[in-house]
Amino acid sequence: MAARTFTIDGQLISAREGETILQAARDHGIFIPTLCHLDGVSSVGACRLCLVEIEGSRMLRPACVTPVVEEMVVRTDTARLREYRRMIVELLFAERNHVCAVCVANGHCELQDLAVTVGMDHVRFDYTFPYCEVDISHPLFGIDHNRCVLCTRCVRVCDEVEGVHTWDVAGRGTDARVITDMRQPWGESHSCTSCGKCVLACPTGAIFRRGATVGEMERDRNKIAYIVAARDQRW
Amino acid sequence: MTVTRFQPPAPDRTLHPSGDNRFKLLEATMKKHQYRPDALIEVLHRAQELFGYLSTDLLLFIANSLHLPPSRVYGVATFYHFFSLAPKGEHSCVVCLGTACYVRGAAAILAAAEQTLGIKAGHTTPDGRLSLETARCLGACGIAPTVVFDGTVTGHQTPDQVQVWLERLKGEGLKVAG
Amino acid sequence: MDLNELLAIAEHENAMRRSICIRCCTALGCQSAGSLSLKQRLEEAVAEVDRTDIEVMGVGCMGLCGHGPLVRVDPEGTLYERVRAADASSIVAALDGGEATAPKGDPHHPFFTLQKRIVLENSGIIDPERIESYIAAGGYQALYHALHEMTPAEVIDVVTRSGLRGRGGAGYPTGLKWATVAKSHGDRKYVVCNADEGDPGAFMDRSIIESDPHKVLEGMAIAAYAVGADQGYVYVRAEYPLAIQRLQRAIAQARRHGLLGAQIFDSGFTFRIDIRVGAGAFVCGEETALMASIEGRRGQPRPRPPYPAESGLWGRPTLINNVETFANIPPIIRNGAEWFASIGAETSKGTKVFALTGKIRHTGLIEVPMGVTLRQIVEEMGGGVPNGRVKAVQTGGPSGGCIPATLLDTPVDYESLQRVGSIMGSGGMVVMDDATNMVDVARFYVEFCKDESCGKCIPCRAGTAQMLHMLDLIRAGRATAADLDQLEQLCMMVKETSLCGLGQSAPNPVLSTMRYFREEYEALLADRGSAGETMDR
Amino acid sequence: MNKLRLATVWLGGCSGCHMSFLDLDEWLFELAHHVDLVYSPLADVKEYPDRVDVALVEGAVANEDNLHLIRQVRERTRLLIAFGDCAVTGNVTALRNVLGDPETLLRTIYVEHADIAGQMPLAPGIVPRLLDRVYPVHKVVPVDVYLPGCPPPAQRIRALLEQVLAGGDIYLTGREMIKFG
Numbered sequence: 022m023a024a025r026t027f028t029i030d031g032q033l034i035s036a037r038e039g040e041t042i043l044q045a046a047r048d049h050g051i052f053i054p055t056l057c058h059l060d061g062v063s064s065v066g067a068c069r070l071c072l073v074e075i076e077g078s079r080m081l082r083p084a085c086v087t088p089v090v091e092e093m094v095v096r097t098d099t100a101r102l103r104e105y106r107r108m109i110v111e112l113l114f115a116e117r118n119h120v121c122a123v124c125v126a127n128g129h130c131e132l133q134d135l136a137v138t139v140g141m142d143h144v145r146f147d148y149t150f151p152y153c154e155v156d157i158s159h160p161l162f163g164i165d166h167n168r169c170v171l172c173t174r175c176v177r178v179c180d181e182v183e184g185v186h187t188w189d190v191a192g193r194g195t196d197a198r199v200i201t202d203m204r205q206p207w208g209e210s211h212s213c214t215s216c217g218k219c220v221l222a223c224p225t226g227a228i229f230r231r232g233a234t235v236g237e238m239e240r241d242r243n244k245i246a247y248i249v250a251a252r253d254q255r256w
Numbered sequence: 574m575t576v577t578r579f580q581p582p583a584p585d586r587t588l589h590p591s592g593d594n595r596f597k598l599l600e601a602t603m604k605k606h607q608y609r610p611d612a613l614i615e616v617l618h619r620a621q622e623l624f625g626y627l628s629t630d631l632l633l634f635i636a637n638s639l640h641l642p643p644s645r646v647y648g649v650a651t652f653y654h655f656f657s658l659a660p661k662g663e664h665s666c667v668v669c670l671g672t673a674c675y676v677r678g679a680a681a682i683l684a685a686a687e688q689t690l691g692i693k694a695g696h697t698t699p700d701g702r703l704s705l706e707t708a709r710c711l712g713a714c715g716i717a718p719t720v721v722f723d724g725t726v727t728g729h730q731t732p733d734q735v736q737v738w739l740e741r742l743k744g745e746g747l748k749v750a751g
Numbered sequence: 166m167d168l169n170e171l172l173a174i175a176e177h178e179n180a181m182r183r184s185i186c187i188r189c190c191t192a193l194g195c196q197s198a199g200s201l202s203l204k205q206r207l208e209e210a211v212a213e214v215d216r217t218d219i220e221v222m223g224v225g226c227m228g229l230c231g232h233g234p235l236v237r238v239d240p241e242g243t244l245y246e247r248v249r250a251a252d253a254s255s256i257v258a259a260l261d262g263g264e265a266t267a268p269k270g271d272p273h274h275p276f277f278t279l280q281k282r283i284v285l286e287n288s289g290i291i292d293p294e295r296i297e298s299y300i301a302a303g304g305y306q307a308l309y310h311a312l313h314e315m316t317p318a319e320v321i322d323v324v325t326r327s328g329l330r331g332r333g334g335a336g337y338p339t340g341l342k343w344a345t346v347a348k349s350h351g352d353r354k355y356v357v358c359n360a361d362e363g364d365p366g367a368f369m370d371r372s373i374i375e376s377d378p379h380k381v382l383e384g385m386a387i388a389a390y391a392v393g394a395d396q397g398y399v400y401v402r403a404e405y406p407l408a409i410q411r412l413q414r415a416i417a418q419a420r421r422h423g424l425l426g427a428q429i430f431d432s433g434f435t436f437r438i439d440i441r442v443g444a445g446a447f448v449c450g451e452e453t454a455l456m457a458s459i460e461g462r463r464g465q466p467r468p469r470p471p472y473p474a475e476s477g478l479w480g481r482p483t484l485i486n487n488v489e490t491f492a493n494i495p496p497i498i499r500n501g502a503e504w505f506a507s508i509g510a511e512t513s514k515g516t517k518v519f520a521l522t523g524k525i526r527h528t529g530l531i532e533v534p535m536g537v538t539l540r541q542i543v544e545e546m547g548g549g550v551p552n553g554r555v556k557a558v559q560t561g562g563p564s565g566g567c568i569p570a571t572l573l574d575t576p577v578d579y580e581s582l583q584r585v586g587s588i589m590g591s592g593g594m595v596v597m598d599d600a601t602n603m604v605d606v607a608r609f610y611v612e613f614c615k616d617e618s619c620g621k622c623i624p625c626r627a628g629t630a631q632m633l634h635m636l637d638l639i640r641a642g643r644a645t646a647a648d649l650d651q652l653e654q655l656c657m658m659v660k661e662t663s664l665c666g667l668g669q670s671a672p673n674p675v676l677s678t679m680r681y682f683r684e685e686y687e688a689l690l691a692d693r694g695s696a697g698e699t700m701d702r
Numbered sequence: 105m106n107k108l109r110l111a112t113v114w115l116g117g118c119s120g121c122h123m124s125f126l127d128l129d130e131w132l133f134e135l136a137h138h139v140d141l142v143y144s145p146l147a148d149v150k151e152y153p154d155r156v157d158v159a160l161v162e163g164a165v166a167n168e169d170n171l172h173l174i175r176q177v178r179e180r181t182r183l184l185i186a187f188g189d190c191a192v193t194g195n196v197t198a199l200r201n202v203l204g205d206p207e208t209l210l211r212t213i214y215v216e217h218a219d220i221a222g223q224m225p226l227a228p229g230i231v232p233r234l235l236d237r238v239y240p241v242h243k244v245v246p247v248d249v250y251l252p253g254c255p256p257p258a259q260r261i262r263a264l265l266e267q268v269l270a271g272g273d274i275y276l277t278g279r280e281m282i283k284f285g
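These protein sequence lines map, in sequence, to chains X, Y, Z and P. To convert a position in the first sequence, counted from 1, into the working numbering, add 21. To convert a position in the second sequence, counted from 1, into the working numbering, add 573. To convert a position in the third sequence, counted from 1, into the working numbering, add 165. To convert a position in the fourth sequence, counted from 1, into the working numbering, add 104.
In case anyone wonders, no lab produced these hints; they're calculated from the structure.
Partial list, computed: chain Y residues near chain X (C-beta under 10 Å):
| # | residue |
| --- | --- |
| 1 | Leu633 |
| 2 | Leu641 |
| 3 | Arg645 |
| 4 | Gly648 |
A short, non-exhaustive set of chain X residues, derived as facing chain P with CB atoms under 7 Å:
| # | residue |
| --- | --- |
| 5 | Cys121 |
| 6 | Gly140 |
| 7 | Phe150 |
All of these numbers come straight from a predicted model, not from anything done at the bench. We treat Cβ as the ideally placed atom computed from N, Cα and C, and that holds for glycine.
All chains, please: the whole structure from these sequences, using the hints.
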């Protein structure tokens, strides 16, 4: 495959044709924040945290789905991007009830980490305090919609890796919720295989293993990429 | 390689083979579209037309027929405003809240309608007789503000017209609680 | 079907015409005011006087919807407004020197005389329910011409040189889009007509389809020939049942006449059109969301590139244009690129159809050459605001902005409208008078966008919700100057980071009203620190 | 040398932040060289004094007493520090906002969910009235510095206070300083 040479933040980088800016940046140790991206499943460009500036382009581009182009000049860390990323993270914290102190994922949460990354010491927007349900009808797992950021990683991993499509999104806008089957309690879902991949995929404390208490919900997200790689290499 | 998607076992399909003719009509629509998954929205339109609303069982029936995961069908049905997962009233009053209607006082009409009917927009009276809804724009802006009474678009409306409509329905024998 | 047969249909249709034609509008606006029973009464009245030189024809929109039902008696062109069924016999009697009881309209009013009708050339003239009526007006000749006398490349060249730009809002050059689709490789290609006219306050597309559906189909067929597509979809809103019905009828008629389907005009060109009915989602006006909806999925947009021209419906090259764009195609092919390019403004060629509504004397549908000023439209054609003054003109719907009265001399073209903080949009033009509160207007649009946000990307989903909340704080007198600045920053963020056009333009109504009517926001602000006061209750 | 006049304030919170402050152990002696503690739940001062240099405010604004006090604090303090997650975000204290206004909330908890003889708690003049909802401090008065954490670890508090004592701009960044929870 042809190589592409371009710069990220002034650093000269060579990448394979068809590679995304995000992949190329990570290969070279350049950090770009992400949330809806998950190695092993398709990218949707929805969280907008990986937006980067590309010289000559008026629009900001999501690094996770934008392929590299020869001689492109990418900037990942400008004042504008930093401010926008912080605002996006603040919007998420204000949108639902993310109370780190009493969350199973405290200390192992991608949203919490993002807040640190973007320098969020407080949220300037008003919190909305919506009423959200907690579903612990499944014998092994639970879902707390208070913590859900609608990244759809569970939807994609269930569809693309497990191949079941138990999860989808119902409703729209701020009313959107991830659902199982006909929005019945998870435990009553006919299609769920209880494989637990959605638990691995979830970036926050939304989908968790039952029995985990505050701060205990750790997971190995590399497993998803491992499963995908292992499967791709088989006959 | 063709992949056949795992289909979860359907719950009791007690209502389908019951001889309800509407299912046959729905089947005909799906057949016309060769049971293609991309016809889902067309099929949902037809189902709502036949049944008045989309019940969980009906959605499951469609999911199974089109070989789609239930959550996907549910996700689509709840994405679009046009689809209703709950029964609607026998009579309906739809107040257009498009810009042209808004500028010409649609908000006052809606407020009057809510007061007259005693329900909030998007709801049905407890007796199931009347539904009050809002629309984003009917494209009848030239005759704004507009209200749709039982499917008939009427223009140049005023807040008291809802009362007039209700009186007419009562005159036609409709019993409305309260 | 060949050209001779087409001309024979036209000739036969013209021979059927009577010397006097009473045209009665049967588009949605007038139908809602009772024009169907009126038309029936007119037919009965004609039968009663037993005159074979008079006919009654149901036609599409005559434009002045606010004064409907409209009836025009041709050839002298007498216009009657607000006609009731009871007026029918007097209108017929007036042809014999009697006095009609319906109020007369003025066909020489600027509302009519300042128009330049290309897209609407047949609106209010032909019977939209009969293909013969369209053919008699020269319909489908452009398609014949394209298929038999032009190569696809030549068609694209004509469209490119005409300077036509997309009428859906963004104004992307149509020829360029076509050329991209034509160049793209795929085992199949699609042509999609976007009739998901979601902008509240806009009804151009509905009116075009209701008044002249075949013109849109002909435009689509020419486009399909040019780009190499064999399947078309019209994606139309469920809120437009009459338009859907007329489209269905038109497609069936065209198919029967061999103008759609296999081997059109005995050429090797095959093109089918199916209707896809939307289900109430504004975001489906965005092309990637629209395609998702056609595929039977949630109408959620996806990042571009890849553009639909390269990877659209089912991953194949797809051309998406809106109704008005397609309706411009047959006249361009018929009259040539130079003709079209000679109309309009420097960077915006041709005409634009606007739905003129709001606090204005004459509401309805107009088609004007690009480059006329807002003042001409609002004051001359629209007759200004009854009992008041124009405060602002809103163009572009929820994606557009409010243009203050001081800028009424702005010419209507893509660039000028953008410069003053609005957009051309699809053609909604809502006039607001000085009784209108602009903060309320901004809130109205933001609430709309919040309700219509699909929820996929965070800036639009959560950002519009916060914008709405902050506007409510302002309106409740609970916001400070700092909050106003924060709202402005939030707007900029949502504009620059949202995934699709809905989110990217959702802040426009706020930003434009803040720009021109900031004092209305400031008048509502609380003093610093007093925001807490309301907590005491 | 002029000592800084330091206050610590306890609004709607669990006092865990104060506990964490006490976890500074012997460093508190060091601190005492530089500050006078002029107001604190740990000290017996009834009225919030004037001319306070630095205030560490724990807890969210949940009731009328909190509201009254935080306004006094703001008026009389140069550097107001939102101290801990409740002050910064509302945190656990604000969880009640999900359940609605105070009337509904109290009815749900003390009447509907009561085991026996449920009744609305009413003690005018003794128990302060709840505000319509719980607010983080910066939604009521301007805040100068935010110190997240539930509670902020002692070392984080120390790092902040060292910056305060050093004068100059205060700049908190990184996982050690601004991680919530």
